[in-house]
Amino acid sequence: MPDQALSHIRVLDFTQHLAGPYCTKLMADQGADVIKVERPGIGDVARRLGPFPGDAPHPEKSGLFLHLNTNKRGITLDLATEPGRDIARQLVAEADLVVESFRPGIMASFGLDYPALKAVNPDLVMTSISNFGQTGPYRDYRGSDIIFYAMGGEMSATGLPEREPLKLGPNATLYQAGAAAAVATMGALFLSCNPDDGQPIGQHVDVSIMETQLSSVDRRMTALLAYQYAGKITGREDWGFAGYPHGVFPCLDGYFAITGAGVYFSRTVEMIGSPEALQDPKFHSLEAQTDPGLQEEFEEVFYPWILSRTKLEVWEAAQKAHVLGAPLNTMEEVFNMPFFDERGSFAQVDHPEAGPITQPGRPFVMNETPWALRRPAPLLGQHNQEVLTDLGYTPADIASLRQSGVI
Amino acid sequence: MPRLPLQGIRALEFGVVWAGPYCGMFLAGLGAEVIRVESLKAFVPLTRSRGRTPRPSEPDPKALVSPLYAAPEGMPGARPWNQMPLFNPHATNKLGMTVDLLLPKGQEVLRRLIAVTDVVFENSPTQTMDKLGISYEKLKSINPSIIMLRMPAYANSGHYRNHRAFGFHIESMAGHVLQRGYADMDPSTLTNTLMGDASAGTQAAFAVLAALHYRRRTGKGQLIEVSQAEALIPLEGEAFMDYTMNGRNASTLGNRHPSAIQGCYPCRGDDRWVCITVTGDDDWRKLCQAMGDPEWCEQDGFGSPAERYSRHDEIDEKISLWTRSREPYEIMSLLQEAGVAAGPVMDPRDVFADPHVSRRGVFEEAFQEDTGAHLYPGAPYKMSETPSTIRRGPVRLGEDNEYVYQDLLGYTPEEYAALEEEGHVGMDYRPDP
Chain A
1 MPDQALSHIR VLDFTQHLAG PYCTKLMADQ GADVIKVERP GIGDVARRLG PFPGDAPHPE
61 KSGLFLHLNT NKRGITLDLA TEPGRDIARQ LVAEADLVVE SFRPGIMASF GLDYPALKAV
121 NPDLVMTSIS NFGQTGPYRD YRGSDIIFYA MGGEMSATGL PEREPLKLGP NATLYQAGAA
181 AAVATMGALF LSCNPDDGQP IGQHVDVSIM ETQLSSVDRR MTALLAYQYA GKITGREDWG
241 FAGYPHGVFP CLDGYFAITG AGVYFSRTVE MIGSPEALQD PKFHSLEAQT DPGLQEEFEE
301 VFYPWILSRT KLEVWEAAQK AHVLGAPLNT MEEVFNMPFF DERGSFAQVD HPEAGPITQP
361 GRPFVMNETP WALRRPAPLL GQHNQEVLTD LGYTPADIAS LRQSGVI
Chain B
1001 MPRLPLQGIR ALEFGVVWAG PYCGMFLAGL GAEVIRVESL KAFVPLTRSR GRTPRPSEPD
1061 PKALVSPLYA APEGMPGARP WNQMPLFNPH ATNKLGMTVD LLLPKGQEVL RRLIAVTDVV
1121 FENSPTQTMD KLGISYEKLK SINPSIIMLR MPAYANSGHY RNHRAFGFHI ESMAGHVLQR
1181 GYADMDPSTL TNTLMGDASA GTQAAFAVLA ALHYRRRTGK GQLIEVSQAE ALIPLEGEAF
1241 MDYTMNGRNA STLGNRHPSA IQGCYPCRGD DRWVCITVTG DDDWRKLCQA MGDPEWCEQD
1301 GFGSPAERYS RHDEIDEKIS LWTRSREPYE IMSLLQEAGV AAGPVMDPRD VFADPHVSRR
1361 GVFEEAFQED TGAHLYPGAP YKMSETPSTI RRGPVRLGED NEYVYQDLLG YTPEEYAALE
1421 EEGHVGMDYR PDP
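So the protein lines, in turn, are chains A and B.
Residue numbering for the first sequence is 1 to 407, as defined by our numbering.
Residue numbering for the second sequence is 1001 to 1433, as defined by our numbering.
Errors might be hidden in some of the hints.
Unchecked claim - Calculated lysine-lysine pairs in the DSBU-like style (CA-CA distance at most 30 Å, straight line):
no., chain 1, residue 1, chain 2, residue 2
1, B, K1220, B, K1140
2, A, K320, B, K1131
3, B, K1138, A, K320
4, B, K1220, B, K1138
5, B, K1131, B, K1041
6, B, K1041, A, K320
7, B, K1318, B, K1286
8, B, K1318, B, K1220
9, B, K1105, B, K1140
Calculated from the structure, these hints are not laboratory results.
Since this is a predicted model, take the numbers as computed values, not measurements.
This is chain A alone, in the form it adopts within the complex (with noise of 0.2 Å):
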């Protein structure tokens, strides 16, 4: 096997559903070895979430889970059990890392808090990632994908004015909650992990949903800032691309995104072909770019242009000419891209159970220590008889562990 990145960091997980499983898949992706613990029985709840093959819903087969446990080894304990709770110290002696999301007050109750940890492994870094964080009077509240996107990101300025704040694409906030927490845990891995100086900090890592879109995502923090200067309220008009083309224009086989071309109107000019209609000294000059006369007159000529173009055409049109500018793309023209397709940028998976299945790749390449699929997600409690072989955990204590629902 290649020496990857982090094929020295051992990882205990109890997450669950997104952001925690996506932390943990960034690591074990890049090499990290990650034990998965799922509840015996029932499993991460991901497994009930789909996408499913033909929508038919099986624990082996949530799309949703393969894509986020690859390169994972997955174990079944339960932790209200002390015997569970045994294994699980065990393990967590071994292990660099544990990161876990259940709601704030669960591992305590488990007595696998971070205190309780520390005194088994003293340099253990332990990453929580919940809601709205482990302090503070939402400690509690639930939440959801729309709800920290509301609280925590930049929902008030996205959409239309006359109608309701709009959320993001799907679990946008989860998954970027994941990647800032496998950031944070990454830097406290290395105060850890054989630091240079030989004295290792092992400590707890708060992360917090919410704060992730706080201090993160989007316009969020240009925006909050803006009021902290000058009392400005960003709501859901346009941000500041006065002018005209800019938004989201039909074409012929779809929709492409144009953003403050008026800022350089000659090369949008240009993009279009340099049509004589457009040459007039009138349509370049600032005041020209608020005038609503004018921006008729240069439709009249644009959506002709833009509406008997594909979007390619467009998008070669525009980089030639240096106009700021995409395609909007289904998934079918995304996976169907060359471009993605000569990177590499999907794997190819043979699960078990759900199949030979082409899943998300690698998010980068790093050309020392390449993303590598090792093996698929785990079965539910796949890895039982291998993890507690090498605690030293007998077949017949193994069998009486399973007869007896702990694993």
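Dock chain B against the given chain A, drawing on the hints supplied.
Quick look at chain B alone, frame taken from chain A:
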């Protein structure tokens, strides 16, 4: 002050607009010495200015219109490039130097810098770095264990190597944009969002950290290429899986959830909204109870999640009737106390007044000479032993030239004065005549 995770790591930032600088913000927050390398002679649009020249210092009408250009009291001031709301949030904890890399002397400065640097990261079109004389081969020849992260919109090689894009365009091209929008409206009503910048920048920071872990273990550096478009694909996992498994092209659900009852509902007041997510029967009973068990809840046809989902429009109307006479925070408290997920759509006023946000210390006050003291978002995580606080306000153009040139690179005061003369070093915009 406790030791920070990346203390002792030095990174050079050639970051523009958001994705690159946002990656740098993570590294700086974790304690790396992140040095922004900039030019006094031309700005990168939407970084320290709107365009290549500084925005005006006088009261700026645009500053009142767009948050991108807001300035304290509408006055961008004598050094307007140090006051951009688009730039300053990610510029905390960083150092700043200036150099003209288009001049031979600038290239000499770069060589000396690379020799003492661990990480170089950038997010420009490929040809821009070519022009600046920066390539992995060259950096590696100076410093064999260097880590270089490049983050083009699409790629550093092939047809798309110089294609330019904002987050919105990457999101469009990679299929994310068609998964949002009002379900009852045409995609031409879609407006800009820029989540692609932040997600690419975050994953880039992860990649740099992975490379640093590997280098610590093996001594080897490497080249990382984050294609911002490619980095978005894993964030659309379930949609791509539905396509490869079922041939289905995901489209927008608006504010809805695939199975729960969910929406953004109007509240009392001007442009006030609350979001609610109701999953399963238990949640439904709690919601009805919290709304005072209205009669319609008990009617036939609302008995199962599937029945309710098929009557989503009707339910939305009923919930709106209830929310319309209440304030968003009131609804959040009522529903959350009952165990139902709900939260207000928070505008900046709400964020800074929110008791949870303030208790958690999400924002920290930081000072900068040209802008004064303001609240900036801190790190999006809390570490128990080595907290990532804002140690320094948003960096000013060229603020650390003396440290970089004299302390770090060993230029003498005379040499430094010559560099100043030649337009490499300074704190003010200074175009070539």
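Taking the hints in turn, this is what the structure says about them:
1. B/K1220 - B/K1140: holds (11 Å)
2. A/K320 - B/K1131: holds (19 Å)
3. B/K1138 - A/K320: holds (29 Å)
4. B/K1220 - B/K1138: holds (16 Å)
5. B/K1131 - B/K1041: OK: B/K1131 and B/K1041 at ~15 Å, within 30 Å.
6. B/K1041 - A/K320: holds (26 Å)
7. B/K1318 - B/K1286: holds (15 Å)
8. B/K1318 - B/K1220: Violated, because 62 Å separates the two Cα atoms, which is more than 30 Å.
9. B/K1105 - B/K1140: Within the cut-off at roughly 20 Å; holds.
Hint compliance for this structure: hint 8 is the single one not met.
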